[in-house]
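Dock chain one against chain two, each of which comes alone in its own frame, and use the hints as you go.
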Amino acid sequence: MTQKNPTVNIKEAPTGLALKIYNWKKSLKTLTPYLMLVGISLWLGTYYLFVEGWELPRFNKLPGPVEVITEWINPDPDWGISMFSPIYYEHIMISCRRIMIAFTIATCLGVPLGLFMGWSKTFRDYTFPILEVLRPIPILAWVPLAILMFSGFETPVIYLATLASLFVTTLNTLLGVESIDKEYFRAAKCLGSKPHHVFLHIVVPGSLPFIFTGLQISIGVAWFSLVAAEMVSGEFGLGYMIMDSYMNITYVTMVIGMLTLGFVGWVSSALVRLAGNRMMQWRVRALALEGR
Amino acid sequence: MQQSDIKNKNNSADISSAEKSTENSASLELRNVCRGFGDEWSREEVISDFSLSINPGELTVLVGPSGCGKTTLVNMLAGFDKPDTGQVLLNEKLITGPGMDRMVVFQETALMPWLTAYQNVVFGPKIRNDLPGRELKKKADYLFEKVGLVEFKDKYPIQLSGGMQRRAELARAMINDPLVMIMDEPFRGLDAMSRELMQEFFVRLFEENRRTNIFVTSEIDEAIFLADRLIVLSNRPTSVRKIIDIKLPRPRELNVLSSTEAYKYKRDAMELLHEEALKNFKRSTPKADS
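Quick note, the sequences are listed as chains S and R, same order. Per the numbering used here, the first sequence starts with residue 938, numbered consecutively. Per the numbering used here, the second sequence starts with residue 17, numbered consecutively.
The following block holds chain R by itself, in its conformation from the complex (with noise of 0.2 Å):
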């Protein structure tokens, strides 16, 4: 017994002093991004001339009108998307397509619902080969510990709650050390109690590894809460609307939320967000009076 926990504490402090060695977190850079979708009489700029650059070790949060292109700009850091004209940059390399220096995690859950949670979570070392089966195994269940998920791991992501999904699926990302995590609206379709719980959990994540983190969301609490830096995004075609420095002191915890200071910062970007979700409701909407 006594032996096993001493084992344990070393495996954790094996990972630990691994995954710090990866913290030399990358920076990401947009430089004069333009992308459009249509053909050439119905084109719509999505993205046009868009300059943004995130500090490594920062966890940046995007947030903006819905529609606004969000997507569009986390499929072009992911590389699954190419930009028209600029350039996408990780540490001033191009980025050319997907690579899991980079991982998304995506709207809905992606969990591939034919594996258990264990194999979802080893997907990606198994199929690259690059991890010796023992060492694997000992970082899976080091990470299932993490995200509190032991005895969840023989089952499908079916048998789990959404909150669980989210947490099986940072896991899933985490294990392949990445520089970078892009989170896509993780938490979107939970319901308010574990968005909540997640916020808090993700957060102390971060807080232990500051790994370079976009996070894109609608939803200005959560932004406020987890940001370092605050990008508000403009109506299409998107453009940094404003950049907010958020100095709330580390760690939060969600009552950081009703201070005088987190208020004001809310109070910022939603006139902000309003205004500019009052441009596309304008836009959208038939004049009522004609």
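With the rest of the complex left out, here is chain S (with noise of 0.2 Å):
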């Protein structure tokens, strides 16, 4: 009686765990994961030519990948700093937190910022000329003022980076709400809308796609002027580790900090984008409808 018909096989939907493994399987049937992986063997390939295989002019000095693969893995560094030094962690914590800190402090102040100046043109003439003024200063530029201006070590660096992604998360902000169709707010104002509703309920959700873009721009500035400040005035951190191995002349080090620090920025901007994707489902949506 109950005669199964495989086309009308209508299965629940998984969720959770389960929803994971079917995207994960759906995935490795698409090229994408093999062409990723045949990327990064070109790259390393070319990479271990160059320096190892054909010992290229400029390249001969460098590190190459198969020294720095062995340093990294290798439970007794030969220079230091392996995968099984507590110092590695140290170093990769420690930068880290600086960034957390710093990346709080510019989110909770840029966006709102960065929110009133594109909803009232009052407060945005009063602010944007100052924007606009201290936004090109280099970040290396504001080092001695930062030294100047704070003590020890820890402060100055955290100060550094939170300055250079502040400007990016205000300015990208802003340009979220300049983004917001007008009609929005015709509509909102048409049902009856009072100011406050029109910058919460249009405001800030129209202009989150803009602050999301502009907080994984921003996580990696962060990542940028914190580890300049970190090669300028610092004990610790991946910027002083690259740094000191530079004068040290432990080469293979610092390529394993470079390479900790692209991967470090790689999974920061990667949680943002994964925050960004929670908090604004319509839009994940519409990306999914263009096949995005």
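Any given hint could turn out to be false.
To be verified - Derived pair list, reagent style SDA-like, types lysine to any residue, alpha-carbon separation capped at 25 Å: (1) R:162 / R:148; (2) S:1119 / R:135; (3) R:171 / S:1223; (4) S:1119 / R:162; (5) R:142 / S:1217; (6) S:962 / S:1119; (7) R:169 / S:1213; (8) R:171 / S:1026.
The set of hints was computed from the structure by calculation and includes no laboratory data.
Quick look at the structure:
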């Protein structure tokens, strides 16, 4: 009686872990993961050939991939730092902590600042020229000021990273408010919104896509300026590790630091993207409809 | 099951009676309205000395050549814009800003993309906080049924087709029981098929409660099919070129457009519109033989 028809075998939608596994299996059927692997191996292969294989001029002084990877996974590192040494994780943790503090401060200040600048013309008239003058000053130019203002190693470094990402966040948020279609404001007013309703229900959600694009850039900029600051002043952190290994001519460790930095930076902006998708389900669907 | 059916009937009875009570439709009037844009040396009068009164309970269609200032008129009626001189009146009272007695349905969809269809529809009453939750839900459900979007309540606007978006937008306006509905080319951008469906849907909606309605369009067929009164506008500066009373029988079906009467209206209006469009064309194109 209950004959199963394979074509109308409607399964329940998977949730949680099952959904993740399902999506992961689905992605294995596309070309994407394989192309990524090919891309990485091409890059590694070129790196290997240039440095260790053919020993091309200019490249022959650099540590090659084999050397770097063996050192990285060496329980007893020749140059002092590998994934088995506690100091390695200390550098990472200290840099991450600084980034977290700087990024949080910059976001908590920059987003409201940008929102108000976009929302209120008066506030914008007051603040925009200041933002535009301060923004182009390279972060390295702030270093002496930071050292003058703050004592110790920690605060100046955090200050510089905060400053850099603050400008990016503010500007992107402001652009986000400007990007909102005027019709939404009109519709909201027509429906009886008071100014604070407009702010909460139009300005904030409408600028979220730009805010999160801005936050992704801003966390990148924060890493950039953090490392720069750590190179100038600091006694721990990945930037310090890179600079220190350069000074001590331990180039292998330097490259390990660089690659670690790249990886940690990538993870951090992926986290920001994840948070954005969580908060903007409507946008996730819009992009999905466009096939992205 | 039966109980819920009865309940539903009660609900809709409640609401339709509530709707009838707001049927005291409003009149709108524009009195010697002037509006221009630009600086003193480059000022262009878009509307000058424009007077028109819109009768309560009628569907008034404004039709005119593109760029003739229809949207400027809509903006002033809605209260987004103020005339330089002259007055815009709702029930003899001066309009000073946007208000929920006049609901505007915009050209392209203005549903907030970050809200679901349901959240969009209840947006107005929710922020004004003027309906208790249960009543609001009842009213919203009734409207969703009316516009045929019950299954799409929890979808985001982007997931709806163009026609569905327009219907959701109509529901968002109607939930506020406005005295006047102002439609600014609401079906623009829809494909021909969904446009026709929307016109039929809209005409039925209007015939049900005969709320004062202003409908702006540049499509002559649409205009004649919907209108009680057709206002043909002139080129800039905009004035009323002619008022045509469309005496086609109601309730209307789309095939009314193939009647000889409708054809006559269309020919009259087309002639005027063509003249106006030609003026604009001549003005904007440099002489070819010089």
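Verification of the supplied hints:
no., hint, verdict
1, R:162 / R:148, "holds, 21 Å"
2, S:1119 / R:135, "holds, 20 Å"
3, R:171 / S:1223, "holds, 11 Å"
4, S:1119 / R:162, "violated, 29 Å"
5, R:142 / S:1217, "holds, 21 Å"
6, S:962 / S:1119, "violated, 43 Å"
7, R:169 / S:1213, "holds, 24 Å"
8, R:171 / S:1026, "violated, 46 Å"
Of the numbered hints listed earlier, those contradicted by the structure are 4, 6 and 8.
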